[in-house]
Every structure is written in C-alpha cells, then in structure tokens.
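S.K.: Residues per chain are reported as follows:
There are 2 protein chains.
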Amino acid sequence: MQALKAQYEQRGPVPQDVIKPVPFDTPALAPGQALVAVLAAPINPSDVLMLTGGYGMLPPLPAVGGSEGVGRIVELGADVAGLAVGQMVLLPAGSGTWATHLVADARRLVPLPEGADPQQMAMLTVNPATASLMLSEFVDLKPGDWVMQNVANSGVGGYLIQLARQRGFRTVNVVRREGAVAAVQDQGGDVVLVDGDDLHHRVKQATGGAPVRLGIDAVGGMATERLARCLAEGGTLVNYGLMSGEPCVVSAQSFVFNDLTVRGFWLAKWFRVATREQQRALYGQLTQAMARGQLKARIHATYPVQRIQEAVAAAQAGERDGKILVVGQG
Amino acid sequence: MQALKAQYEQRGPVPQDVIKPVPFDTPALAPGQALVAVLAAPINPSDVLMLTGGYGMLPPLPAVGGSEGVGRIVELGADVAGLAVGQMVLLPAGSGTWATHLVADARRLVPLPEGADPQQMAMLTVNPATASLMLSEFVDLKPGDWVMQNVANSGVGGYLIQLARQRGFRTVNVVRREGAVAAVQDQGGDVVLVDGDDLHHRVKQATGGAPVRLGIDAVGGMATERLARCLAEGGTLVNYGLMSGEPCVVSAQSFVFNDLTVRGFWLAKWFRVATREQQRALYGQLTQAMARGQLKARIHATYPVQRIQEAVAAAQAGERDGKILVVGQG
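From first to last, the protein sequence lines stand for chains A and B. End of the first sequence = 330 in my numbering, gap-free, step of one. End of the second sequence = 330 in my numbering, gap-free, step of one.
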C-alpha cells in the first residue's frame, strides 16, 4: 500500500526546513505486528525540539516525527490476539506518528473506546499525563489549595486546569497576552492574569493572600522568578519547558530566605522509573476522563502529512489558541 | 564601666557609612544577667547584609552589629548558677557582638574549654554549622562521594573542606581567582579549580567522571549554572549566598532533562525548626572539633571596635584570604 511519512535526515535550527513528506510502501507484516492507519497525531513542543536537536533524548537519523497519536487497525500479522481490523487504538509513545500509516508491535497498541473523539484521544499520552503528574508528584495538595502556572493557554496548561478542578484545587493562570485570557477562563481557570512585573501583588489580591505552594513554569528566564515570588514559604516550583529559550532565573533570596525548591519534570524520565501498574493506573484514569469528554484540548488547525512543513511552522507561531494536529487521509 | 558598641541607626547601601562606634556605660545587672567582655566577633556576609537591608530578617533600629562571638565573664548578677567570673563563653546568636562589652541572659552563655583559641571559637556559631548542615541535610553522602562548592576560599568554604575530609567525602572547590587556589589546597581541598566556561569539562577530568551529587553555591548568576552543569543526573544544588548580587541562573535543561533539584539553606531557618537536642548535638561536635584545632579558619585581620568602619570596609574587599574579626580591648 502506498503511504506517506514525515521524515527528517538531519537536525537544524529551522525545524520546518529539515522535515519533509516521504512516500513509502507499507511492508509485509511479521508475526505479532499490526498495520495502523493514523487518524491524528499532535505536534508537541518536544517534537519540535527533536527536530532542532534541543531535546534531552534524540532518536537516531533518519527519523519520523511525532511521538503520540491515534489510529485504526488496517491489517494484522500472524499471532496477534485481542485486536481486530477496524479497531481504534492508541499508538505507542515515541513511534514516529506523523504518517498516514505505521507498523507497530501489536502488544504496544492500546484499544480505545469506540465513539471517543480520535483527535482528542490523539493527545492523551503526553500532555494530560504531564499535567496530572505535576499536580501529584511534588506537593501534597488538598482540595481548596491553590496551584499556579504560566503558559496556561498551552496544551498542558489547559489539561492542568481541568484536572485541578476535578481534584478540587484552585488555579492561578498566567498568560503572556491579553488575547489569551478569555480562552483560559472558558476552560475553568479560577484566576487568569497577564504576566508582568507586579504579578505577585495581583496574585495576592486575587487569592486573598492564600498560600500557593506549587508553581508550574514552562517559560524560563525572568518569568520563573516572577512565578517564584508568588509562592508561599517552603513552596515548590516545577519547570517543564523552555518556551523563552532562556535559562530559569530565581533570586538567591527566594532559595535562602523563602526556602523555595525548584525541580524539573520530564515525562520520559517518569516512564523510566514508574512501574507498569502506575502507568496503567494513570492512563486508565485519563482515557476514561477523555473518552467521556471531561478532558479536552482546543485544536487550532489540522494538516495532512503532505503539508507537514506548514504544520510544523504553524506549531511554532506565537498567537495560536490550540494544538496543531497532523491527520491521516481517513 | 565605660564601654563601646558598634551601632547603626539606619540602613544604607554603603554599610561602613551607617555603622559607628558609640560609647555607653554598662548598666547595673538584673538577676540572671551577666556582663561579658567581648574577646572576638567576626564580620560575616550576613552581618553586612543586615546593614544594607538585604537580609531576610532585620533587627529593629537602632541595632548593634555582629551576630556571634566569644567573651569572658566580667560580672554576674544575682541568681546565676554554673558560671564564674573570668570564664570564657560563647555569646548568644544574634546578640550584637561588635562591642567591647555586652549584657546577656546568663542561661544563653555557653562555657568554652579553657585553652581554646578565642578568635577561632568566635566563628563557631554561624559558618561551621552552615557547612556541616549543608553536607548532611540534602543528600545522603557516603565516604568516597564527591561534593562540589564555589567560593571555596570563604569561611563556610574552608570549614566545608575540613568537615568533608573528616567524613570521608572528597571536594571539588571552585574559586574566582588564581591567587586563591593555594590557600584552598592548604586547607585540604582535593580538587581546586578557577571558575570559567569549561568548568564542567575540567571537573570531569579531575574526578575521572565520578558523579557529583551535591553542589553548593554562594555566588548566584551564571556561576550557579556552571556549577549545575557539573552535577550528576538527579543531583541537588544548594544556594546559601548571593556574592554576585545576581539571581541564580539555571537552564531548564538541567531541571527537566538532568532532574536537578535546587534548594536554599538558611541557618536562621534551621534554628527555628531544629529541636534543642539537634542543636546541642551539632554544636557539641563542632565545639570539640574546634577546641582540638580540627576546625580552623584563616584570619585576615583584626580591628578594635573603635575602628569598626574600617573593619566593615575590609570585610567587603575582594581579595582577602580569611575573616575580619572585631576584637575587644583585652
């Protein structure tokens, strides 16, 4: 079968210049394999960093872009149990999902509830898990507690708001421009503020001075310090992204006098240390919530694999409100 | 009795301009009090920050400078047990020790072994405790493990080298100028390097690539990041000072991909949470080690209280090798 994949043979500073659509013939299946037609696969910031070489773990070249997604089974090799042609499945993490088709080890495909929205389910593996774990792994939050984040209009940011609400936490959400405020309020953010020098005063006003013990930063630079200044004594700041491209800046005063702890979160690292049982528990919950429509992300635009360069360029544009998805021919 | 104290009535950016020697008459003693003639009291960076207002805890004004020291009992009020005139004692922490005499609650005076060097003992409360706790509170180090610090030629730095050796740890010591290397080697530093951009390569070479799980930073700015880059995955960086006056800079890559934790250490905070038993245990060990000459700091110069402005100016000079002490008339 004639298929298409978005492949890169080298890395470079302009990610849309290194990736291109490459036709290929789907191979004959070995026992235990499945051929899957990809329905949808998102472009995450980490995928773009793999194209530029800025990520902490890089696949050997040539590589196919994309690290998560949803597909429908087209053909099964010998010796595959528990799956059927036509079934909707979650693709294995890190499998080069920007393609019309891919061949996978059938044991790594997770059947999804029929009727679930494939474009929403395509974003399950990376962002909701990141948001969920950052809310649970660092600070023991109780219902009523406040958590604060910047880039609240990102994929992770939107899931974090929804998950926090479901757990009874309240959120202070920081965005970088006025135009992003309404969408974050729509997703259920309790407080939404535009970043700026007097941020900690405005946060104090909005929360009535309640302690904020967890802060989540995906920007770096002085935005990290502005967030740190909003946290209670003994609080924890977790960085998971580098949107500004600048290193994190935090005053020694915050560390020494305010007993701040700064940590990082990386989902790939969690996968290395989490037990199968912990992974199943997390993804079981998230799958159910997403299939029921309780976890949703906004989608800015979709692109076929053929237009991968436009898609990657769009994913880096500053003013979008929602994810860019690569979609199959289906 | 005519006495002298180094007092400040306001705070300001130039610390030697706000402090001055002020004569006073020692008061009649109330029951439970002791009059102590101060033998020696150091000028610590935290003392200078109290004069400028840059510290996390500021005494009400007017205040007498100095937060630790050693004295000899001159007179005892009624109802004091267990102390004798002529005895050498450790002064209470934070008691305004830059003076020829001070009146203290006798229960807060700790008798010191006769024969111990009063100038060395004067530095017991702050720096050795800071060094000792930073070696034990954050990372569970085992004999043979490496620890790394910058400003290795500071008071805390020197104690840290000595305490690390006594516990079987090896030290990578970073200084800011070539001229400071020899003194740090003399104190027992295993590796001594001058700070610079390729620091992590030189550290790797010197340690044979052994993991460094604890890094101790008193500089801030890019020096923090240079130290962070030398640490093993999952390592901890502890900041306790702000020598550069710049906020700490640490790349998001260090947090996210290298699982770095950054914390702060403040002795005043430890005092708030440590039990009496923990405090006694720590200071018991340090007193014995210091009285035996196993914990020593270099002394750059001593000044009488009358010359407090020169002393404070000298404490801020860049190229000194050792502490500045304020000494009594004795």
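Source of the hints: derived by calculation from the structure; they are not laboratory data. Some hints here could point you the wrong way.
Each pair may be met inside one copy or between any two copies, as identical chains are not told apart.
Stated by the list, open to error - Once the Cα atoms are required to be at most 30 Å apart in a straight line, the calculated DSS-like pairs of lysine-lysine come out as: (1) K204 x K269; (2) K20 x K142; (3) K142 x K269; (4) K20 x K204; (5) K296 x K142; (6) K296 x K269; (7) K204 x K142.
Fair warning: this is a prediction, and the values are worked out from it, not measured in the lab.
S.K.: Take the hints in turn and mark each one as holding or not.
M.R.: A quick look at each hint next to the structure:
1. K204 x K269: between (34 Å within a copy, 24 Å between copies)
2. K20 x K142: neither (47 Å within a copy, 52 Å between copies)
3. K142 x K269: both (26 Å within a copy, 25 Å between copies)
4. K20 x K204: For K20 and K204, neither the intra-copy (48 Å) nor the inter-copy (40 Å) Cα distance is at most 30 Å.
5. K296 x K142: within (24 Å within a copy, 48 Å between copies)
6. K296 x K269: Within one copy, since 25 Å is at most 30 Å while 43 Å is not.
7. K204 x K142: within (20 Å within a copy, 43 Å between copies)
Hint compliance for this structure: hints 2, 4 are broken, all remaining hints hold.
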